[in-house]
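Peer 1: Residue numbers (the working numbering), protein chains in the order written: chain Z, 1 to 325; chain U, 1 to 250.
If you are wondering where the hints come from, they were derived from the structure by calculation, not from laboratory data. Some clues are possibly wrong.
[Unchecked claim] Covered by chain U, according to a simulated footprint, are these stretches of chain Z (three or more residues, beta-carbon under 8 Å): (1) 12-18; (2) 22-32; (3) 288-299.
Just so you know, these numbers come straight off a predicted model, no measurement behind them. All residues carry an ideal CB built from backbone N, CA and C; glycine is no exception.
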Amino acid sequence: MSLLSSQYIKGEDLIIGHGSHQYKVDLHWGALNANYYPVNDCHEMVIDRKGRIFLLTNHTQNNVLIYDSAGKLIDSWGTTYPGAHGLSIKNEGGEEFLYIADNNRHEVIKTTLEGREIMVLPYPKESGKYENANQYIPTETAIADNGDIYVADGYGSQYIIQYSAKGELLNIFGGRGEENQHLDNAHGICIDQRDPKNPQLLVTDRMKNQLKKYTLDGQYLDKIDLPGAYICRPVIKGEYVYLATIWSGDGGSNTGFISILDKNNQLISAPGGMKPTYTNGQLNPMHQALKLFHHPHDVCVDQDENLYVPQWNAGQTYPIKLIRV
Amino acid sequence: MACSSKSYQGLVQSQEIALSNPIIKIDSVLFKEQASIRVLAAYQDAAIRYTTDGSEVKATSPLCPNLLLVDKSTDIKCKAFHPKLKASETLDFSVRKVSSIQPEILLTSSEAKSPYLGKGMAALSNIKKGEINFKANQEWLGFQNDVIQFDLLFEKAIDCEQITLSTLCDHNSWIFNPSKIELVVGYDVIASKTIESPATKQAADFQFLALPVSTSIKEASLKIYMDNIPEWHSGKGTTPWFFIDEIIVE
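When you get a sec, could you build the whole thing from the sequences and use the hints?
Peer 2: Right, here's the structure in full:
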């Protein structure tokens with residue numbers, strides 16, 4: 001141990017991000033023994049009331065890995081989710097449930113935190129918009145306070161589908177096209193209740209580098225331009241929106257960073273990316289600034305506003321922790 | 001030092017992390033008078049240094065201005081540096097000056113293969129480049145022949161330094177560079193260049209194939225020879241595609 005200490009060169013902790021949202025980086029936080037708990041793509045993460053952090057990976061040895069905040073593995077389950085992509089958590093009357101969007105199964109599956117399946121939502125045949133399940137490749141879900149389930153078909157036909165808590169089809173909107181309400185890679189969705197009197201849906205339009213706003217019944221409202229930022233899903237904590245930005249610039253490999261928007265949906269910090277600047281109210285095109293992230297796919301925020309970042313196509317690496325400074 | 005069930009490996013240190021590449025925006029890769037290139041460091045406070053003589057960029061190379069103005073064909077290398085971080089990779093790019101006297105270009109071998117018909121022969125001298133996503137626009141001419149020949153006819157004899165072919169190489173799409181380029185006047189080969197067959201698959205990229213000429217020409221034929229696809233490729237033994245979007249006379 002002392003030999004290691006004498007060889008240790010004192011350096012400087014890297015700090016990434018800008019302004020009010022800056023972080024130090026722990027690359028090893030989520031690392032596990034890949035012989036026992038392997039991962040492929042680490043897609044999404046959520047945190048429960050007890051502070052346990054759930055990671056969703058498309059490795060069917062253990063689709064769900066559950067960590068404590070120190071990165072110690074508490075539990076694992078899941079062998080039937082080969083296309084595990086989207087993960088949301090919702091407190092429903094005191095009990096929390098997970099919603100998994102599976103690309104390969106073309107389904108959304110509701111489970112308990114222990115992995116017991118409660119409900120399966122197949123492709124919305126009755127909407128008349130789909131000829132078969134293969135056209136439906138759901139990427140994400142968002143659950144409203146009244147239990148309604150919104151599903152983003154981000155790799156399929158680009159619709160947003162609204163179900164009741166029991167799984168009855170209520171509405172379908174979005175889809176492909178050239179107008180503002182249409183979507184191109186609707187990768188993520190969340191419910192924005194920062195203005196409690198005016199809840200909205202925030203939907204990712206990744207190929208256009210935009211977030212789109214809709215009412216809860218699917219009326220298009222507005223868009224937020226984030227040029228150069230290929231964003232995944234929006235995650236809201238407090239007044240801020242956190243978005244893993246999987247590619248940047250011209251969209252080449254290994255160009256990811258994290259985007260953080262304030263209550264006015266202005267980009268105020270880009271950990272791993274260049275400092276955000278605006279000219280005449282327009283965001284200047286964003287690029288990665290440091291070769292730290294490969295392809296960040298989600299951001300999970302804990303009660304201390306630390307961030308956890310799982311990555312897609314990153315050499316089967318485990319999630320990184322960004323420690324708020 | 002805190003010990004937990006995982007060995008303590010600490011927080012990321014600045015000196016372990018490299019800068020991302022400089023960001024460049026070129027108004028036109030092919031130009032007649034001047035090219036302007038905007039060069040920006042992605043990481044605030046990083047310094048971009050550059051060379052234009054083909055040498056490697058070092059921490060002592062000159063600082064690159066935010067706006068680089070170039071009035072001749074240049075190969076530029078640039079790199080980002082910061083005292084607390086690792087330097088970026090080197091970013092290589094080229095801009096090419098096009099002679100104000102351009103030939104009429106006639107295709108005398110087989111036709112370009114649909115759908116890669118460009119905008120006809122005019123595409124080869126319109127100083128508009130195709131894109132790496134070659135289906136995106138109509139600037140590329142695509143051929144699938146062993147020999148492709150263009151006749152270049154100038155209004156009057158010009159002193160030609162070199163002829164550069166602006167091509168696309170995309171092995172995933174079976175698009176390869178030629179094995180040989182010749183410039184022929186009458187029966188004489190006045191300039192020739194062989195290109196080594198690639199040993200491994202390369203990422204899609206633009207290529208400038210420069211054929212030094214250094215002589216006066218008025219009428220000449222440009223002959224492009226294509227070898228069969230190499231052994232290591234799934235299309236081995238067949239004729240590859242050849243994509244060209246400009247013939248640049250310098």
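Peer 1: Confirm or reject the coverage of the segment 12-18 of chain Z by chain U under the rule of 3 or more residues with a beta carbon closer than 8 Å to the chain's beta carbons.
Peer 2: holds (count 3)
Peer 1: Examine the segment 288-299 of chain Z for residues whose CB is less than 8 Å from any CB of chain U, and state whether their number is three or more.
Peer 2: As far as the segment 288-299 of chain Z goes, the hint holds, because 5 residues have Cβ atoms under 8 Å from chain U.
Peer 1: Quick check: the segment 22-32 of chain Z, covered by chain U? Criterion 3+ residues, Cβ under 8 Å.
Peer 2: It holds: at least three residues are needed, and the segment 22-32 of chain Z offers 6 whose Cβ sits within less than 8 Å of chain U.
Going through the hint list in order, the structure satisfies each hint without exception.
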